[in-house]
Structure formats: structure tokens, C-alpha cells
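Dock chain L against chain P, hints included.
Protein chains: 2
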Amino acid sequence: MAGAPTARDGEIPGEFALIDRYFTRPAAASGAGGVVAGIGDDAAVLRLPAGMDLIAAVDTLVEGRHFPAGSEPRSIGHRALAVNLSDVAAMGATPAWATLALTLPQADPAWLEGFSAGLFELAQRHGVALVGGDTTAGPLAVSVQILGFVPRGAALLRRGARSGDLIAVTGTLGDAAAGLALLQAPPASIGAQARELRARFEYPSPRVEFGLAARGIATAAIDLSDGLAGDLAKFAGASALAAHVELDRLPISAALHAYAAPAQVLDWALSGGDDYELLLAVAPERVADLAAAAAGCATPFAVIGEFGGGGGVAWTSGGRPFEPARGGFDHFARPSTQFTV
Amino acid sequence: MAGAPTARDGEIPGEFALIDRYFTRPAAASGAGGVVAGIGDDAAVLRLPAGMDLIAAVDTLVEGRHFPAGSEPRSIGHRALAVNLSDVAAMGATPAWATLALTLPQADPAWLEGFSAGLFELAQRHGVALVGGDTTAGPLAVSVQILGFVPRGAALLRRGARSGDLIAVTGTLGDAAAGLALLQAPPASIGAQARELRARFEYPSPRVEFGLAARGIATAAIDLSDGLAGDLAKFAGASALAAHVELDRLPISAALHAYAAPAQVLDWALSGGDDYELLLAVAPERVADLAAAAAGCATPFAVIGEFGGGGGVAWTSGGRPFEPARGGFDHFARPSTQFTV
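Taken in sequence, the protein lines are chains P and L.
Read in order, the letters of the first sequence are residues 62 to 402 in our numbering.
Read in order, the letters of the second sequence are residues 62 to 402 in our numbering.
Rather than coming from a laboratory, the hints here were simulated on the basis of the structure.
In this text, a Cβ means the ideal position worked out from N, Cα and C, and glycines have one as well.
Any given hint might turn out to be false.
Stated by the list, open to error - Facing chain L, a subset of chain P residues (Cβ under 7 Å, in silico):
{"hint": "1", "residue": "98"}
{"hint": "2", "residue": "103"}
{"hint": "3", "residue": "107"}
{"hint": "4", "residue": "118"}
{"hint": "5", "residue": "148"}
{"hint": "6", "residue": "151"}
{"hint": "7", "residue": "152"}
{"hint": "8", "residue": "160"}
{"hint": "9", "residue": "162"}
{"hint": "10", "residue": "194"}
{"hint": "11", "residue": "195"}
{"hint": "12", "residue": "197"}
{"hint": "13", "residue": "204"}
{"hint": "14", "residue": "216"}
{"hint": "15", "residue": "218"}
Same shape as in the complex, but just chain P:
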């Protein structure tokens, strides 16, 4: 890093200089390409492959809002990048570079070690280079901006769904909400299934590989961050369609079924949030291709409903009408909102 003060032998360097060391890793270490100038200048200089559109998204995690106070630093680092990778996945795009704005109350080396390990492990797995950022003293908050690319005009938009398209979802729903509940009120002893649920909150796996495979097959996609009920309402609204979902088709993990009562399972699956799965629209004649693409990257995949003319979301359970207890996305009740991405 240009201009970082050099510690004299045996001297403890300035605390913010210390922080720098956790984040200034050569881009090459991540396997990412296209970094003309990274860390150490006024801005990063990046080279997009030819014929590509740029993808950009930003997401902030605030302590006590998006994760419990005292969360594992490794989990915070992982999640800060994962929630952004999930946005890239929902565009059918390749993630490439990230910047980090980190506000933290003090420079605790053990915390920074864990946080940066969580961030860089996931970055490396997806070939993402950290190319810029800043650190500021203040209440703990992490803002990551992700940059990626997609062939021109090929991005999977929310508005691309057509009437008659099926609605498909990856993975299982509600696990992360159960995991958060377990973190907020830890039981005296914790079994393998509860640990599995907790990991779904602490270490979500963004569906980047499947998002890439779905491009050209699915007609539209959105990532599930606020819960199926709210995000499906957004999805239907963006495509100016009505959505119908049959609750009996929702993919629920064995761990969640074992952990919670059916009504709680359903509430978490619909409105718990933090799933970071993909919700997609696909024409009926292409659904087998999409299922094959999911199988190709070992991604669980289920068809849960279909789009039709009109607006809003209709739910059925065993074919009979159902009204979720917590309906759509409530800006009052949520701690934050992405107004754009």
C-alpha cells in the first residue's frame, strides 16, 4: 500500500495502519483478473473483458440490525460479501471485483483476522479481488460494493418474466431465519441439525454458479434476501404479472422440519429473510433445461408456482386459498431497504 507508515522494529504501528494489512492482498492471490491498478492509488483501474456489460450492487450490514451484536467476525466478513454475490448471481453475472467500506469501533487484531479471513475465503472461492475501500472509526457497519460482468444484453432482469412462466427456487427456505433465532437465543445444548441451520445464517452460499448456468434459460430472476413473500411480490410487480404459489411445493430442509412447528416453519419460509437463494421465472418448455443446469452444479431446485396475467401474489395450500400472517414486504418493520439493488 502506498504511503502506509512503516513500523520501526519492535514498534507497534498506528492502529489504522494495522488494519490496512488485513485487506491489502495482491489481486493475483484471489485468482481474479483485470486489475490494472488496485490498492494504493486514488481509485482502482479495472479492465472489463470485451463485449461485457458491467454489473454493480451495494449492500450494507449494520451490527444489531443485520447480524446480532457479538457475531463471529468470520461470519460477518463472509456475509458482507455473500449478500452482494447473491445480487450478482441473480443477474446471471460473473463477479469480479469488490470494494469495502468498513466502520468499526476499534482495531481489534483478533476481530480483523477473523473478519478478513471470512471475506477473503469467499472472495477467493468466487475469483473476486478486493480492489479498494476505506476504514473509519465508528459503530460497526460493513458496506461492500460488488462489480461483475455479463455478456451485453444478457443480464437476468426482474422484469423479464412472462405470463405462463413457471416459478422456481433454489435450495431450501426458512433455514437462515431459524439459524438467526438460534443465535439470538442459544439453547443449552445444540445438535447437528441446529448447527446446520445456524450455519445457513452465518455462512450463506450465494448461487453464483447456478445464476451463470441459468442465463439464457430462465427469463428473469431475483435473489431472496427479505423472504419469499416480499421478494416474490417485488418480482411479480417488476414483471407486471400475478404470481401463484402452492405452499405444499416449498422446499423445506429436514433440519428445519425437525427443529420447528409447522406454522413456524411456514412463517420463516415465507417471511424470515436471509435465504440468499434465487427465485426464477422459466418457460414450461425450458424447465427441464433449468433443472439440468441446477443438477450440473449440485444446486437443489424446485418449481413452486407460476406467473399469470394480473398482479399480486396468490397463495394456496393443498389447493385452498391461504393468506400469510406476515404478508408483503413491510418497509416499516424492516431495518433497511435497498432502494435500487
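Just chain L now, with coordinates in the frame of chain P:
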């Protein structure tokens, strides 16, 4: 915005839904191009002109750290973008798009009105479209990521200076530090010159036009955010050169001379920070071209020293050695540090 709840007649909408309205302006309104999909999807889709490298930087402003508590919201919105535009200017690049991560304690319509006005006025002046972001409840902090572009390989890097290059600076130094002092301890009555100094802190003018004009003439550039002493040390370090500056050549405004004692003027000019001027290296045979480029965009411009072999920064005053009271950039003393950009 997709999925935002619709207010029923006469009903006050959710407070975060209200926030969205301040930031969801059509990209076309800013005059910026290249927005394939902006607000309302999982990520923005952007199209870089052919033959360009992408430029990315991020900067965070935290209340009580980077601006006094209770600052004018319009100034906060202006500064949040200005500090990032200054980074783009220092690369000789064209700014194009920005994302915003806004954390704020409550949704105060008057505050949001002022903040968004300050942000969008400056965005429009520089053809920048806001293409993404999120809002979160929490202590007031603003993180902007700026994206821009520059012809391939033409970015003005910090490391490009050569031995024998002259050191030039735009504008005047120390005004913003005086302005901040005036904001922190407002005098009973305030004259025109004090108002001018205050405006230099509250509404900095990033040197975007001059940065573009300097590309191909200057050999290297850095923006002045932390004060000349610290930033010049970084600049010299990045280019592996020694810098020499003659203090009598520093550009000081009449307003600052009238406001403060000479020793205070010098301290603010060297170490006050928040100038957001450009510091450049230029070969002696090109300095007339750079001066002409500055004149062409009405940017004040002064040569203050030169680079030579070796390392570190040497200061003279009337030809005699001088040691600044506050020397280099001190990571301990500063509230934040950009570890990369």
C-alpha cells in the same frame, strides 16, 4: 422502485419507502448514459464506452468524524459525492455512475430533501447517475462508490512521477480546514471571507474537468484529502522519489491570509486536510501545457516544488530548511484511512 408499498390515499407511507423516493430519479435526468438497468433490480447493469478502463473508488463520511454533528444535510450530500469525484479527477477519468449506502437514525423528510438535493445537484453537474444503493437505520454515515472510465492505459497513477518532474497543485490550500474550524466554533458574526472559507469545507469543488485536461500532460496525480504533507509523502513514496517543496510558493487564498495568523495558515495548508485539490507531477517541458490546460478550465494552478532521486519530503521556507509541526500522515490521529483508494 419495484415492490415499494403503495401508500393508500391520505396514508403516510412506510418511512423507508419514503426514503426511496428521494433517490429514485431516472438516470436520464442526470444526463449520464450507459445505464442499461438502474434502480429496481438486484444490481445495476452499466455499459462502458468501447476502449475504456473502469475506475472505481469508495469513500465513507461518518457524522462527528468527517463532518460536525448537525451539519447542513445539503452539504453532507454534496461532500459525500465530491470526495469521490475528487478521486476520479485524480485518475484523469470521467465519472459516470455512483451507488450510495446511507445509514441514518430516522427518516426526516427535511433532512432527506436537503441531502438528496446536495447529492443530485453535484451529480448532475458532472453527468453522474445514481444507479444503486441501500438505506439502513443506524448512526449517520454515508458511503458512496463512484464508477467512471478512462481510455485504456491512460489513467493518471500516483506512481508515474519521474525524477526532475515539477510538483504542481490546483486551487488554494488550507481554506477547508479554516472553514471547518469556523463551523466547529462559529463566531458571533461572520463576514464574507469567513463565509467563503466555510463554503470551501461544506461545498468542495472536485477538479474533474482539470483532471481530464491534465491526462497526457501530467505524469502522475493524487488528490489532496488529508493535507499536503501527508498526501505528498504518499505521492513520493508511490513514485519512489524524493519531493522538495518551497513553502513560499504554496497557493494561499486572500480569505485565509485575512482570517488566520501566518503559523496557523501554514499548519492548515500543510496538514489541515479536506482540500480536494489535485497534486500533480509534470515534466518541466510540459508545465506550460499544464498551465494552459488549467487556464482553459479556469482552475488556479501553481508550481510548488520538484521530484528528485531518493525518498521522503524536504521542505524549505525562503530557501532554508523547515520541518512541519505535524509531519506526515498519522494513522493514529486521523479518524479514518483509505487503505486502497
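The hints, checked one at a time:
1. Because the smallest distance between the Cβ of residue 98/P and any Cβ of chain L comes to about 6 Å, under 7 Å, the interface hint for this residue holds.
2. A distance limit of 7 Å between C-beta atoms decides the matter here; for residue 103/P the minimum to chain L is near 4 Å, and the interface restraint holds.
3. Given the 7 Å rule on beta carbons, the hint for residue 107/P holds: about 4 Å separates it from the nearest Cβ of chain L.
4. Proximity of residue 118/P to chain L holds as hinted, the smallest CB-CB distance being about 4 Å (cut-off 7 Å).
5. At a threshold of 7 Å, the smallest CB-CB gap from residue 148/P to chain L is about 4 Å, leaving the interface hint in force.
6. Among the interface hints, the one on residue 151/P holds; its C-beta lies about 4 Å from the nearest C-beta in chain L, closer than the 7 Å criterion.
7. For residue 152/P, the suggested interface contact is upheld, since its CB lies about 5 Å from the closest CB of chain L, less than 7 Å.
8. Because the beta carbon of residue 160/P sits about 4 Å from the nearest beta carbon in chain L, less than 7 Å, this interface hint is met.
9. Interface hint at residue 162/P: satisfied, since its Cβ lies 4 Å from the closest Cβ of chain L, which is below the 7 Å cut-off.
10. Annotation: residue 194/P was flagged as interfacial toward chain L, and the flag holds, the nearest CB pair being 5 Å apart, inside 7 Å.
11. Restraint check, residue 195/P versus chain L: the minimum CB separation of about 4 Å is within 7 Å; hint holds.
12. The criterion of a C-beta within 7 Å of any C-beta in chain L is met by residue 197/P, whose closest approach is roughly 4 Å, and the hint holds.
13. Given hint, residue 204/P at the interface with chain L, holds; its Cβ is 4 Å from that chain's nearest Cβ, closer than 7 Å.
14. For the restraint placing residue 216/P at the interface with chain L, the shortest Cβ-Cβ distance is roughly 5 Å, inside the 7 Å limit, so the hint holds.
15. For residue 218/P, the interface hint holds, since its Cβ comes within 7 Å of a Cβ in chain L; the closest pair sits about 6 Å apart.
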